[in-house]
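A.B. asks: One-letter residues, chain by chain:
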Amino acid sequence: MPRLLLLLLLAFPLAAAEVRVFAAASLTDALNEIGAAYEKASGDRIVFNFGASSMLARQIQQGAPADLFLSADEEKMNALAQRGLVATRTSVLSNTLAIVVPRVGGRAIGGPRQLASVASLALAEPSTVPAGIYAKQYLVAQKIWPQLAAKVIPTDNVRSALAAVESGNADAAIVYKTDALLSKRVRVAYEVPRAAGPKISYPFALLREAEQPVAAQKFYAHLRSKAALAVFARHGFIVP
Amino acid sequence: MSAEELQILSLTLRTAALSTILIVPPALAVAWLLARRRWRGKSLVETFVALPLVMPPVATGLLLLQLLGRRGPLGGWLHRTFDVDIVFTWRAVVIAMMVMSFPLLVRAARVAFEEVNPRLEQVARTLGASDARVFATITLPLAARGIVSGMLLAFARAIGEFGATILVAGNIPGRTSTLSLAIYNLVQLGRDGEAFRLLGVAVVIAFLAVWTAEGFLRRSHDARRP
Amino acid sequence: MTLAVRDLVLPLAEFTLDVSLDLDARTTALYGPSGAGKTTLLELIAGLRTPQNGRIELHGRDVTNVPPRHRRVGYVPQDDALFPHLSVRQNVMYGARAMPDDVIDVLELAPLLDRSVKRLSGGERKRVALARALLTQPAVLLLDEPLAGVDVALRGRVLEYFVRIRDELAVPTLYVTHHMEEVEALCEELVTIDRGRIVAHRRM
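Residue numbers (the working numbering), protein chains in the order written: chain A, 192 to 431; chain B, 1121 to 1346; chain C, 191 to 394.
Accuracy of the hints is not assured; some may be wrong.
Covered, in the sense of this in silico footprint (three residues per stretch, anywhere, with C-beta under 8 Å from a C-beta of chain B), are these stretches of chain C [as the list claims (entries may be wrong)]:
1) 205 to 211
2) 231 to 240
3) 272 to 286
4) 320 to 326
I should point out that these hints are in silico values taken from the structure, not numbers from a laboratory. The model shown is predicted, which means the values in this text are computed figures rather than measured ones. Even for Gly, the Cβ is constructed at its ideal location relative to N, Cα and C.
The shape of chain A in the complex, shown without the other chains (with noise of 0.2 Å):
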């Protein structure tokens, strides 16, 4: 009998950890990539859920079962760690904002002043989302936020408001470049510069009520890696 509960005993570190990660829509692309090949190196299987950071936040907060929480602005995690739910974070990554438009039939625009006069404008909700108020801070930044206020179409992520331009329902949107570069429906109208645009940052954070602490660790070091570093890059994330 004390064989066997040995035996079961060191049978569970052997078992295969399924890690959960809450991720930022903007990261999806990234870190499949990097999902995918961390599980075949490693054994462990991670778990996904990709969405807008806020709503992802306000998931944790009600005490969804997550591991890794990858927010897309610090105000999110923020909120998080008052509540004593982060272990530790840091903050990684960052990126810009694109303006785009569809590829077919979109207009040309080439700057605040033109983006000012669309008909309508694809935004991810920018009230919660990161992306959002990165969009809604650039926009008031350049004061051309009143004329655009009653043209916005918010949408509940950033994927989202590219999807209403690739479908052409709506004439552009405000988006990440790094979601700009993956459609090919889209057109990049022009890149905000990082000097023009707001301070956009990535953390990352292993969170304390995590159901499995020791494979989420070995995560969320290996998602400060070299390796996994340069697929960010590739991407079009801005790494240190």
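Go by the hints and put chains B and C onto chain A.
C.D. replies: Frame of chain A; chains B and C shown alone:
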């Protein structure tokens, strides 16, 4: 209520009312054909009409998005010919409400028509009435209570519509932000108190609509008793 | 010839209706047991059912393919079929082609005109249904068991009204019943039908 809340309520009531009025003629026509006539393909039509009741609303919303978007068959034509957009405007809200509440009205109207004694319609014909006159003077008045009850249910359904609407109209403050969408948005924003206030409004409207609908049905059945 | 029916055929659940008939008299009784096909025959003549075969002529005019509204047939079904949502006056005037005065007088409906049909006695309902049919100036009147559902005590009175209609308004009538007393009181000819076929036709 704040100005914003009033605007949401006003938009919701107006779009739901318009949607209900617009579905009445086609719903009555379909309901009558299903109640009084037999024809090839009838069960196919019955099934199609019932689909929005059973399919996930977002699936219906996706189909509408494909159809009504600027690149879709119907939306594209409207955009090119009349420079009219549907997606992300109040028109999409009304259309989503129409599609989702149509089956409810058809069902209620069909039952109402079926409950009209066909003998009465037959006698009216022997008295010289045309089909149109029979419908207007005999069938419709006797089915009226059941039809009104169905309209109230359709109205309540339209007010509660969310899944299809969010895909096809978005949640644009002042333009497409209905009661259901606003509640969802407030919850997303963490403004739970305001969300609960709107929830209260939604419950009151739904309660009144269904209670009145049931009242009409009750009186319709009482009138039938000899 | 008021009404002529030639080889009218309609398969029913238990048997096939197959009837040929010539009617001339003022009031003809269609007599037979329950389920003999009497109501079905009336419905065929009124145009509410379609025969498989055969012809129907009213006053020499072929009405076989004519819809009910153009046949000029006055039909009073067994359950009266008064329109419950209309008043007595509205029921009576529904298809009226003539001024109602003599019909209303004969049937003594004047005091009932503004009542709701829901508050009429059995006998009153019959009179209203009759007036409604008569006011369309029909070529022939079809009555299906008109005394069914009328209080035994009142039957005599209602029968009197039928006699008055026969004598004062002179509309040819086909009167369905399975009570011989009514036949004897009212009708000039008797047609007997059983299991869908005419088995006898004689003058009273």
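A.B. asks: A separate judgement is required for each hint: does it hold in the structure or not?
C.D. replies: Hint check results:
no., hint, result
1, 205 to 211, "violated (count 0)"
2, 231 to 240, "holds (count 3)"
3, 272 to 286, "holds (count 5)"
4, 320 to 326, "holds (count 3)"
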